[in-house]
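Just so you know, the sequences run in chain order A and B. Residues 10 to 292 in this note's numbering are what the first sequence lists, from first letter to last. Residues 2 to 110 in this note's numbering are what the second sequence lists, from first letter to last.
Some clues are possibly wrong.
Some chain A residues near chain B, calculated using beta-carbon distances under 7 Å [what the hints assert, rightly or not]:
1. F82
2. L88
3. A241
Mimicking BS3-like on lysine-lysine, the simulated pairs with C-alpha atoms at most 30 Å apart in a straight line are [stated by the list, open to error]:
4. A/K127 <-> A/K242
5. B/K25 <-> A/K242
6. A/K263 <-> B/K7
These aren't lab readings, by the way, just hints derived from the structure by calculation. We put the CB at the ideal spot given by N, CA and C, even for glycine.
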Amino acid sequence: MKFRALASTCAIVAFAGVAANADPADDTLVINGEIPIVTHTDAAPPYIEGLTEQYSGWHFREADTRAMEQDDFDNPGMLGVEAAAANWNEVDGTAGKACASCHEAPESMAGVRTQMPKYSEAKGTMMTLEMYINECRTERMGAEAWGWDDAAMVNMTALISSVSRGLPMNVAVDGPAAPYWEQGKEMYYTRYGQLELSCANCHEDNYGNYIRADHLSQGQINGFPVYRLKDAKLSSIHNRFKGCVRDTRAETFKPGSPEFIALEVYVASRGNGLSVESPSIRN
Amino acid sequence: MAKDVKPRVKVPGTAAAGEVVSIKTLISHQMESGQRKDKDGNLIPRSIINRFTCDFNGMNVIDVALDPAISTNPYFEFAARVDASGEFKFTWYDDDGSIYEDAKSITVS
Chain A
10 MKFRALASTC AIVAFAGVAA NADPADDTLV INGEIPIVTH TDAAPPYIEG LTEQYSGWHF
70 READTRAMEQ DDFDNPGMLG VEAAAANWNE VDGTAGKACA SCHEAPESMA GVRTQMPKYS
130 EAKGTMMTLE MYINECRTER MGAEAWGWDD AAMVNMTALI SSVSRGLPMN VAVDGPAAPY
190 WEQGKEMYYT RYGQLELSCA NCHEDNYGNY IRADHLSQGQ INGFPVYRLK DAKLSSIHNR
250 FKGCVRDTRA ETFKPGSPEF IALEVYVASR GNGLSVESPS IRN
Chain B
2 MAKDVKPRVK VPGTAAAGEV VSIKTLISHQ MESGQRKDKD GNLIPRSIIN RFTCDFNGMN
62 VIDVALDPAI STNPYFEFAA RVDASGEFKF TWYDDDGSIY EDAKSITVS
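Input sequences plus hints: build the corresponding full structure.
Here is the structure:
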């Protein structure tokens, strides 16, 4: 990181002495003393040209924020998981079913999050976890679809993700996923907004550096939904995408839009190999 | 009446006599400050937990006054010396008069 920062422009060289040590924290994450989490790898997947190693966003947060994630009691994201666990058993809709009617315990969902988003042969389209949940609600439960960023939806994605903690992200990038992945990659390297920033400008070229007071991460989504301390609530992947695009002073895409779904496919694949960490805690 | 209020506490089950144990508590509560406005510009009334206490065998361990600047889902972590087996009693006081309680026993070996 240092080398890249020094090599890129002389302006940065001039200020390098001023910058605080901003390297990712050298630390390991074990949740509840029993779930080891892979938060760092020495090699990115071969189809990710821009990364030589992967870091979960956990490495870029302060020690006290990192510590909150090591025990579920300290993790306020688990409040959302608990709320969803209650919802899991609650009958909703005209079919008189709850999630539990078909899926039994939430633990039966272990491994689901690692493959999201996943192409659905039946639907002929790329589906995120939110879309699978709504498919269940509308087609099998006869219930109303949840909005993408409804608390109930974000909590449910947190519950389903939490039972996959420790399992490696493994999103398909080939076969029917290939066109979505290509579109997402195209977006990742496209400069948006008045500030003309692409995702890669911050999260590939400058992770580990500070952008004003923010410590830039690799923008990995293995910990989503995340509990953001500044919002005091869980936040979805697309909500975070929206925030990033907005910060480039662009008109953003909507959560659930085809653009963000494609971007999610690509960004998720950048984290293939990292453990699912959701619900994680970030600033 | 505040919604979805649920207290949680974490206390070790056993301790040596005279040991200082770490206690963690959290209550899910929206902690509405009373300073925010809704979409129509009306003030949202204050609704917070205003006091939290912990007692051990009738003796007070901690007594906290909470004010509106405290964030949602207030979390307290504190230490207590345990000389004998007994019960920690936790009490949260809501602005609306509700009282939420929880208790955890500890055995001194």
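Status of the hint placing A/L88 at chain B (closest C-beta pair under 7 Å): 5 Å, holds
Satisfaction of hint between A/K242 and B/K25, Cα-Cα up to 30 Å: Status holds; Cα separation ~20 Å.
Given the hinted pair A/K263 and B/K7, is their alpha-carbon gap at most 30 Å? 34 Å, violated
Go through the hint on A/A241 and say holds or violated, using the shortest Cβ distance to chain B against 7 Å. 5 Å, holds
Measure nothing beyond the straight line between the CA atoms of A/K127 and A/K242; if it is 30 Å or shorter, mark the hint as holding. 26 Å, holds
Should the hint that A/F82 touches chain B count as held when the rule is a Cβ pair under 7 Å? Where the cut-off is 7 Å and the nearest Cβ of chain B is about 5 Å from A/F82, the hint holds.
Of the hints listed earlier, the one the structure fails to meet is number 6.
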